[in-house]
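Please put together the full structure from these sequences, using the hints given.
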Amino acid sequence: MSNAVAHADVHGGAHGHAAHHPKLQHHFETMEQQKEASTLGMWVFLLTEVLFFGGLFFAYMLYRIWYFDAFAEASRSLGIGLGAFNTAVLIGSSLTMALAVRAAQTSERKATVTWLILTIVLGCVFLGVKVVEYADKFEHHHVPGAHYIWAAEHAPGEGSAGAAASEAEHAAPAGGDLQRLTQIFFSLYFTMTGLHALHMIVGVGIMGVITWMAYKGRFDSSYYTPVEMAGLYWHFVDLVWIFLFPLLYLVERHT
Amino acid sequence: MSGHVSPKSVYYSIFGALMVFTGITVAAAFVNLGALNFPVALAIAIIKATLVVLFFMHVKYSSRLTKLVVATSLFFLLILLAETFMDYATRGMAPPLPMLQ
Amino acid sequence: MLDTLKLPERHYLNNGHGLKSWLLTKDHKRIAIMYLISISVMFLLGGLFAGGVRLELMTPQGDLFLADTYNKYFTMHGVVMVFFFLIPSTPAVLGNFLIPPMIGAKDLAFPRINLLSLYIYWLGAAFFFYALFSGGVDTGWTFYTPFSSFASNTNVIPTALGAFISGFSSILTGLNFIVTIHRMRAPGLTWFRLPLFVWAHYATSLIQVLGTPVVAITIIMVFVERAFGFGIFDPSRGGDPVLFQHLFWFYSHPAVYIMILPALGVMSELVSTFSRKTIFGYSFVAFSSLAIAVFGFIVWAHHMFVAGISTYSALVFSFLSFSVAIPSAVKVFNWSATLYKGSISFETPMLYAYGFFGLFLIGGLTGLFLATLGTDIHLHDTYFVVAHFHYIMVGGAIMGYLGGLHFWWPKLVGRMYSEFASRISAILVFVGFNLTFFPQFVLGYMGMPRRYHAYPDEFQVLNVMSSAGAGVLGIGYMLPVIYFLWSLKRGEVAGPNPWGASGLEWQTQSPPLTENFTEQPVVHGEPYEYTPHVAREANLV
Amino acid sequence: MGSYGIPLFPEQASSFAANVDALYIFIVSVSAFFALAVTIAVVAFGIIYRRKHDGEVGARIEGNLPLELLWSIIPTMISMVMFGWGASAYFEMRTPPAEALQIYAVGKQWMWKFQHLEGQREINELHVPVGRPIKVTITSEDVIHSLYFPSFRTKMDAIPGRYTQLWFEPTKTGTYHIFCTEYCGTNHSGMIGSVVVMEPAAYQAWLAGGTTEGTLAQRGERLFTDLACNTCHLDTGKGRGPSLQNIVGKPVELADGTTTTVDEGYLRESIINSQAKIVKGYQPLMPAFQGLVSEDNLVALVEYIKTLSPTATTTQAPAAPAPPATAPTTNTPPVGEKK
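Chains as they are written, first to last, in my numbering: chain A, 1 to 255; chain B, 1 to 101; chain C, 1 to 541; chain D, 1 to 339.
Note that these hints are calculated values from the structure, not bench results. Glycine is no exception: its CB is placed at the ideal position from the N, C-alpha and C atoms. Hints may contain errors.
In silico DSS-like pairs for lysine-lysine, Cα to Cα no more than 27 Å straight-line [as the list claims (entries may be wrong)]:
| id | chain 1 | residue 1 | chain 2 | residue 2 |
| --- | --- | --- | --- | --- |
| 1 | A | K23 | A | K216 |
| 2 | A | K216 | B | K8 |
| 3 | B | K8 | A | K110 |
| 4 | C | K26 | A | K23 |
Some residues of chain A that are not near chain D, with every Cβ distance over 10 Å (derived) [said to hold, decoys possible]:
| id | residue |
| --- | --- |
| 5 | H20 |
| 6 | R76 |
| 7 | G81 |
| 8 | D136 |
| 9 | L178 |
| 10 | R180 |
| 11 | A197 |
| 12 | V202 |
| 13 | S221 |
Rendered as structure tokens:
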């Protein structure tokens with residue numbers, strides 16, 4: 001029929017002389033093909049992640065332009081020190097990750113394990129700092145929703161229309177708008193950092209498995225795909241934070 | 001079977017560059033650049049991201065297909081951002097009636 | 001000759017028995033069969049909800065069900081049909097089963113991820129069933145805010161999470177296909193030798209991986225609003241509910257092409273096989289699939305022409321919307337030209353293909369009314385829209401899916417179904433479908449809004465016609481269940497290539513071996529090659 | 001209109017209707033032509049080239065480039081005609097004439113509330129005069145609704161938190177449907193009503209009957225005092241808030257250096273979300289009235305402030321070019337970098 005077919009005995013032919021690598025799955029013909037498939041699959045997955053965060057990114061951009069003052073105000077309430085520290089931690093973990101992959105490429109088992117453990121430690125430091133930051137938000141009622149309160153000195157002009165009007169007579173500063181609009185900032189803050197942290201947690205889990213595998217000596221220069229793929233994922237998570245940090249912490253710091 | 005192995009020095013220098021850019025972006029936030037504040041912050045983030053993608057994620061040494069996937073994701077992200085923004089940027093504008101009639 | 005045929009001794013269905021051998025399988029064919037069973041159940045459920053809707057609309061007063069019940073029926077009809085039937089239908093069943101043998105591979109690139117996608121689908125469905133049994137949901141399948149975030153008091157969260165989770169199943173299927181098509185092709189099988197079915201699935205997969213994450217994040221944003229009281233789209237805190245619609249339709253418009261593109265791929269196979277002729281303008285048909293996928297992403301706001309978007313962007317989106325019409329038209333013209341000087345026979349799959357022609361033409365052409373600004377203002381959210389998308393998503397996508405299922409059924413199970421019964425069902429589906437949905441175009445232009453529980457008296461005649469058609473359509477859809485089940489034990493043994501079709505998947509036994517081929521095939525010729533010599537050989541197999 | 005007892009078209013009762021119907025018939029004709037052409041071709045091929053014997057195969061025809069180009073280019077050109085015609089019809093629908101009569105509509109679950117400038121308020125019923133352009137400014141109190149007049153061939157969503165608008169010119173007296181076309185919950189299909197198109201004299205008589213509240217602007221003026229707006233917004237411009245005299249339709253410079261044009265959307269925003277845009281030279285002292293003023297009352301306030309600008313396009317005065325009134329969506333804050 002069409003696609004006129006001939007049958008080539010692959011196993012006995014082209015690759016017959018090379019023994020199968022133990023890690024070669026049955027449906028692939030060569031290790032090269034298997035590695036290329038994994039790499040492509042991982043990149044396509046990261047592509048979906050880009051669009052996943054892209055939707056949030058647009059929502060952030062829109063409201064930042066609309067409600068710049070509220071965003072600047074809310075952003076100033078975030079601890080820039082912790083944010084910058086976390087950025088450094090995450091970039092550092094990317095370095096250790098890259099070195100772990102390199103160590104696997106060069107069959108240095110001990111180095112691989114060490115770098116991976118360092119990566120996990122740095123990831124946990126990041127998450128720990130995040131916990132501290134979140135706790136602070138809960139304390140200050142900066143979690144959007146029914147209990148949200150924007151700073152006390154900006155007491156919201158809630159109450160009846162009459163009360164609001166009389167407040168206007170006293171020319172008291174009204175926090176009503178900030179009470180509403182900063183909630184948008186914090187809604188985005190929690191959604192963005194929350195999803196990022198979730199990715200971190202998943203990442204730490206994956207790293208745990210990879211570290212264990214590396215410890216067992218599963219990887220060498222002929223097969224290190226899992227380390228490399230986990231590395232791609234880890235770098236991507238770092239990449240997201242590289243954008244989140246200036247967007248959330250550095251809206252406007254000079255006033 | 002083995003892919004490109006970068007020298008360790010590459011990773012250390014990229015790490016250094018990333019830290020320097022982080023410092024710059026924090027410093028820039030405390031300077032009033034007027035309308036430039038946001039573009040500068042975004043530009044630095046994009047530079048940092050590019051470094052990570054090219055060197056840590058090895059795209060510089062990857063196949064054309066990988067590069068294509070990266071480009072595709074950016075292209076469709078751009079469609080999402082640009083076309084949605086088009087709506088918001090032109091709301092409230094009067095329709096160009098004279099043009100059409 | 002045929003009566004001497006026997007089922008092969010060893011094939012994927014008898015390679016392992018018992019529930020465990022199915023639930024832990026990594027075989028793409030077994031996973032496809034499990035998908036087939038799952039989506040058939042969901043189709044039945046969605047059909048029941050549709051039946052409720054059509055029953056209610058036989059009378060104008062809204063006297064059969066309570067308004068809330070009716071609202072839940074059409075919502076759950078939409079959710080089930082879109083997220084749990086149409087999106088997985090052709091890709092997860094036929095694509096899953098056929099792409100590896102079509103490209104001469106033993107399996108998809110990531111068999112475990114393939115199985116994972118099925119489990120994720122089940123998990124999503126479980127969330128939906130939880131929502132269903134705890135009272136249902138009434139937001140419409142579109143989950144528009146602020147209704148879904150703050151106004152509805154039904155089970156929005158489990159339903160939305162169900163849709164969110166099943167989205168990952170769709171992403172993983174698409175990812176698997178992309179990698180498989182790139183990396184697993186047999187030696188000699190270049191891109192332009194691929195079956196058009198594979199091209200169509202490649203384009204579909206692109207949409208799945210590019211679009212689904214955006215709807216996922218959108219659902220997350222609704223989720224945090226509803227679950228935690230966050231405010232992202234909340235107008236009382238300064239949010240913009242129209243932003244939800246932008247993000248939602250960025251996925252949900254291309255999602256229509258997730259449903260229809262695989263059906264277009266099936267069409268190419270059917271038209272070519274049953275006219276024993278190479279497809280006319282192969283590269284145009286192949287690239288029109290990609291064009292539909294890419295253009296599909298730049299037109300979404302035509303769902304929002306009256307939603308308060310800017311006049312300028314409405315103009316741009318209307319203009320771009322016409323760009324999708326062209327590759328669709330090119331496909332139809334090329335299939336028609338393929339029939340010219342063919343050797344055409346009308347077995348059941350070809351009847352479905354002919355039915356598809358009619359319904360896809362109407363569905364596609366009525367899209368022009370909705371891309372055109374002047375008419376869309378009047379038609380938006382009326383029954384015209386309902387009729388239009390049912391012509392595409394039911395007329396087109398399900399005709400393609402059923403056509404494909406009838407075409408490849410002998411490959412799936414190794415046996416033939418009753419040709420007589422299947423022809424009856426193909427005709428019933430076509431007639432019933434038109435009777436159901438054509439009156440809705442008229443209703444829509446008359447101004448009947450969609451999602452109405454009760455309606456003014458003057459719309460009744462057309463609504464009764466529509467409900468009557470739905471009855472015929474229901475019978476048409478039920479018949480295949482019966483004769484397919486019957487064929488499992490009693491059907492004639494089909495042999496490897498009952499239709500004399502080209503394509504690698506017909507080169508192997510039916511049902512195929514677990515590893516599809518005994519030896520790695522190598523491809524030398526062009527696709528869809530029919531020579532008299534080969535045709536004779538096919539019938540002698 | 002209809003045939004064999006089955007209606008095909010709703011009443012043509014507005015100035016748009018004939019054009020929209022003509023466009024509809026045009027697209028129907030083009031579609032019917034292509035559908036028939038393909039159907040005839042496909043059926044004819046099916047009959048002519050039916051398989052005669054088992055071993056038969058089709059001719060080997062790979063394709064034809066001129067043909068491919070032909071059937072790509074011709075549909076493209078035809079669709080551009082549809083686009084152009086549709087776009088021009090759309091722009092007409094989105095551009096209310098300056099002299100249009102203003103009506104406010106507020107959607108809420110599950111009713112339409114209409115307010116006339118003269119003070120009449122109606123629920124699920126709208127009285128309008130024939131032969132006069134009517135501009136409806138729409139908003140919603142809860143979820144998204146959509147105001148649809150099938151006989152006028154126009155509709156527009158009612159979106160909470162902002163104003164949208166549509167306009168029409170009734171050409172025929174009678175009673176026609178009003179539908180809500182955006183799904184809004186339990187009683188979505190009960191959110192219907194009727195628009196009564198009357199002769200101008202009958203409309204005047206209807207207006208004269210039965211309102212005790214005075215005109216919409218008068219009601220707005222009372223609210224202006226009740227909410228103590230007048231204590232700051234002095235006409236002299238020396239109050240804590242800017243004067244509201246003669247501002248509508250004019251540009252106003254904001255504290256952040258940008259400029260915006262005062263229209264209904266801006267006024268609405270400045271009341272409920274007063275910090276969003278501070279007029280240059282003033283302090284952000286005004287409380288936000290979000291949640292404190294109902295949409296009905298907001299409409300009255302906006303209308304009152306509009307009457308303070310007699311030179312701008314208001315209801316009765318067909319003077320002045322009116323960019324803000326023609327804006328398709330007077331709405332949420334416009335996009336533009338503030339810093």
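Hints versus structure:
1. Between K23 (chain A) and K216 (chain A), the direct Cα distance comes to roughly 14 Å. Compliance with the 27 Å bound is thereby established for this hinted pair.
2. A threshold of 27 Å between alpha carbons decides the hint, and for K216 (chain A) with K8 (chain B) the separation of about 24 Å falls inside it, so the pair holds.
3. A threshold of 27 Å between alpha carbons decides the hint, and for K8 (chain B) with K110 (chain A) the separation of about 16 Å falls inside it, so the pair holds.
4. Distance hint between K26 (chain C) and K23 (chain A) is fulfilled; the C-alpha atoms sit about 17 Å from each other, no more than 27 Å.
5. Non-interface call for H20 (chain A) relative to chain D: holds, since the shortest CB-CB distance, roughly 42 Å, exceeds 10 Å.
6. Consistency note on R76 (chain A): stated as away from chain D, and its beta-carbon is indeed over 10 Å from all of that chain's, at 14 Å minimum.
7. Residue-level check passed: G81 (chain A) sits 24 Å from the nearest beta carbon of chain D, beyond 10 Å.
8. For D136 (chain A), the condition that its CB be more than 10 Å from all CB atoms of chain D holds, with the nearest at approximately 26 Å.
9. Interface exclusion of L178 (chain A) from chain D breaks down, the closest Cβ pair being 7 Å apart, not more than 10 Å.
10. The Cβ of R180 (chain A) does not lie farther than 10 Å from every Cβ of chain D; its closest approach is about 6 Å, which violates its non-interface assignment.
11. No beta-carbon of chain D comes within 10 Å of the beta-carbon of A197 (chain A); the shortest separation is about 29 Å.
12. With a least beta-carbon separation of about 36 Å from chain D, V202 (chain A) lies farther than 10 Å from that chain, consistent with its non-interface assignment.
13. No Cβ of chain D approaches the Cβ of S221 (chain A) within 10 Å, the least distance being about 49 Å, so the stated non-interface status holds.
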